[in-house]
Amino acid sequence: MHAPASSVAPGTGQAIAFTVLSQLAGAAFLYFVLKAEGGWQIVGLLALLGAGFYLLERLPWITDYAMASMARVPLVTFATAAVVVLGFPFVVGSNTYVLHLLIVAQLYAVLALALNFQLGSANIPNFATGASYGIGAYVSALLAINFGLSFWLTLPLAALAATLFGFVIGIPSMRTRDTYLALVTIAFGVVVQQLLNNFDWTGGPNGLVGIPAPSLFGHSFADPLVVFGWKLPSQANFYYLSAALVVVAIITAHRLHGSRIGLAWNALRADEIAAKAQGINVAWYKVLAFAVDAFLAAFAGTIYAFYVSYISPDNFTFLVSVTIMTMVIVGGMDNIFGVIVGAFLLTILPEKLRAFADYRLLFFGVVIIGFLMIRPQGLFPQRMRRYGGEP
Amino acid sequence: MSVLLRVENATMRFGGLVALNDVSFSIDKGSVLAVIGPNGAGKSTLFNVVTGVYRPTSGKVVFDGADITGKPSYEVVERGIGRTFQSSRLFSDLSVLDNVIIGMHTRTTTGVLDALFRPGKSRREMAACVEKAEALLKSGSGDLFEQRYRPAGALAQADRRRLEIARALASEPKLLLLDEPSVGMDETETQALIADIVRLRDVHLELSVILIEHDMQVVEAFPDHVMCIDYGSRIAEGDFAAVRANPRVQEAYLGKAAAHA
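Residue numbers (my numbering), protein chains in the order written: chain A, 1 to 391; chain B, 1001 to 1261.
Since the hints were made in silico from the structure, they are not lab data.
Any given hint could be a false lead.
Unchecked claim - Not everything, but these chain B residues come out facing chain A in the computed CB check (under 8 Å):
hint: 1; residue: Thr-1051
hint: 2; residue: Gly-1070
hint: 3; residue: Tyr-1074
hint: 4; residue: Phe-1085
hint: 5; residue: Ser-1095
hint: 6; residue: Leu-1113
hint: 7; residue: Leu-1116
hint: 8; residue: Pro-1119
hint: 9; residue: Ser-1122
hint: 10; residue: Met-1185
hint: 11; residue: Val-1203
hint: 12; residue: His-1204
hint: 13; residue: Leu-1205
Claimed, not checked - Simulated pairs of lysine to any residue, SDA-like, Cα-Cα distance not exceeding 25 Å:
hint: 14; chain 1: B; residue 1: Lys-1121; chain 2: A; residue 2: Lys-231
hint: 15; chain 1: B; residue 1: Lys-1121; chain 2: A; residue 2: Arg-385
hint: 16; chain 1: B; residue 1: Lys-1121; chain 2: A; residue 2: Ala-66
hint: 17; chain 1: B; residue 1: Lys-1132; chain 2: B; residue 2: Val-1062
hint: 18; chain 1: B; residue 1: Lys-1174; chain 2: B; residue 2: Arg-1079
hint: 19; chain 1: B; residue 1: Lys-1174; chain 2: B; residue 2: Gln-1191
Each residue gets a CB set at the ideal place from its N, CA and C atoms; glycine is no exception.
All chains, please: the whole structure from these sequences, using the hints.
What follows is the structure, encoded as structure tokens:
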């Protein structure tokens, strides 16, 4: 292979082949990770992943080539992605454990995308995403249990309630910065969890039980999903539901990132005084980031509540917020794809490392530190906006 | 000529330190005011008082007929005052182009709901911004346009100063405040900067400029209205020749003994 030029322009045929094959390879890799059993298989796959990221770090033109290919044939890219996402449960078959992992990973992907508006775009360390997630779950569960509202109605109502909460944390955040702001959000997160624990109407430490399964056009999500004679376990319903939510989150993130709002967040991340001098109402944009974060996190919370049908304050601890934050940092701040990869990695890895029994968390930490040593800016770092110009 | 900006008896105290002491001046539409004075004289504080970074301890700032004393800086920009910073404050991890587009924040309107539910409107607005930003980058000296996809933090010093000016112009200001724009520029670049400012005034006849400068070449190029500040007080105002000949100005710059030598 000859030395690559700085600008790599793939032809249409090449671009199609690349986008289809790379996405299939990614899906296959995910499949093998999910199916892997025993320590050595996991170690081998992680080594492969590490080598892949090492190559990306060493040869930056690979990323440029991949971006150029996908930008060249967007329809092929989306079609392949849709086929992969829709087809995955059929390949997994009746393995409900794998489906469960995928649902949780997708919900965490949404949470990480939500936090990315703050941590990634605006560098606001928010440790209360877990609380917004919990508020979404509790509001929708309470509405469904006490008032018999359907899942589809509780979804926007829970999101509204959490957005109000976002504004409430956002207001003190106007006066604090950096470390102090982080402390304020930690306090909010802990307060919410304690309140859920102590109120009677939230079920206290016992939580809420018996959240009814949602249904769509007469099909209950508790029933197996039958598609063209294929019978998928009932988890497949929630798999597709959470996949749809991931799509909504990606579109939201993409549109905000590409608009003047994303730019304003990036500006205040870089230099608040300079941002004000450009006419950006810094306080308002910070509050806005809190609200958008809470809005999306509440969607994830609602789906989670209806999926497991039982929630308790333990599901929404401070540790959940820290996990989400780690996903954003490891995956890549302000990079939509990176944040999703980070969420999948950090959801699936601890489960797969159960083979290491007592050393599980130690090994988990070592792997994360190792990846950050290979890719210090996150697995997929932030990229410059291109505005249709050549790379 | 009508007055665009009028500062009345502005005083700024930080604890016991008087950074600005009862400073009054005004600037007409379409004119240039050069502010000179030794380091630490209060020139940048004056900019910060005008742009709302600081609220003056006492005194008044009137811009375009409205009292803007202590208004938040984002509102001041919207009213038409653009500025650059002495130590350039670019958004260094964003591209040159993004820096200029962010400068258009007050002239664009997309809100969260627009961005989410009317992506076409948001995209059209961005496309228009890109076009305007590219035109701005082409219009100045240097090759900022060719470097538009580089991170602003990677620019050479002179380009950083130019980019700050382009970003300030992106807000379509009526008054442009330039805080030592020639710092870090060599002889040729300084001449190009002067030419840039002259050209800018030819294109925008209504535009007023306040320059803080140490480089007398630049001040000499805009000699009509010069003000000298020392220890927070205005010590001289007039045309360049008169200010230069003023013994208090010479004293401020050269020290008492030298001025009387």
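Tested hints:
| no. | hint | in the structure |
| --- | --- | --- |
| 1 | Thr-1051 | holds (7 Å) |
| 2 | Gly-1070 | violated (14 Å) |
| 3 | Tyr-1074 | holds (5 Å) |
| 4 | Phe-1085 | holds (7 Å) |
| 5 | Ser-1095 | holds (5 Å) |
| 6 | Leu-1113 | violated (10 Å) |
| 7 | Leu-1116 | holds (6 Å) |
| 8 | Pro-1119 | holds (5 Å) |
| 9 | Ser-1122 | holds (5 Å) |
| 10 | Met-1185 | violated (20 Å) |
| 11 | Val-1203 | violated (22 Å) |
| 12 | His-1204 | violated (19 Å) |
| 13 | Leu-1205 | violated (24 Å) |
| 14 | Lys-1121(B) <-> Lys-231(A) | violated (44 Å) |
| 15 | Lys-1121(B) <-> Arg-385(A) | holds (18 Å) |
| 16 | Lys-1121(B) <-> Ala-66(A) | violated (29 Å) |
| 17 | Lys-1132(B) <-> Val-1062(B) | violated (30 Å) |
| 18 | Lys-1174(B) <-> Arg-1079(B) | holds (8 Å) |
| 19 | Lys-1174(B) <-> Gln-1191(B) | holds (24 Å) |
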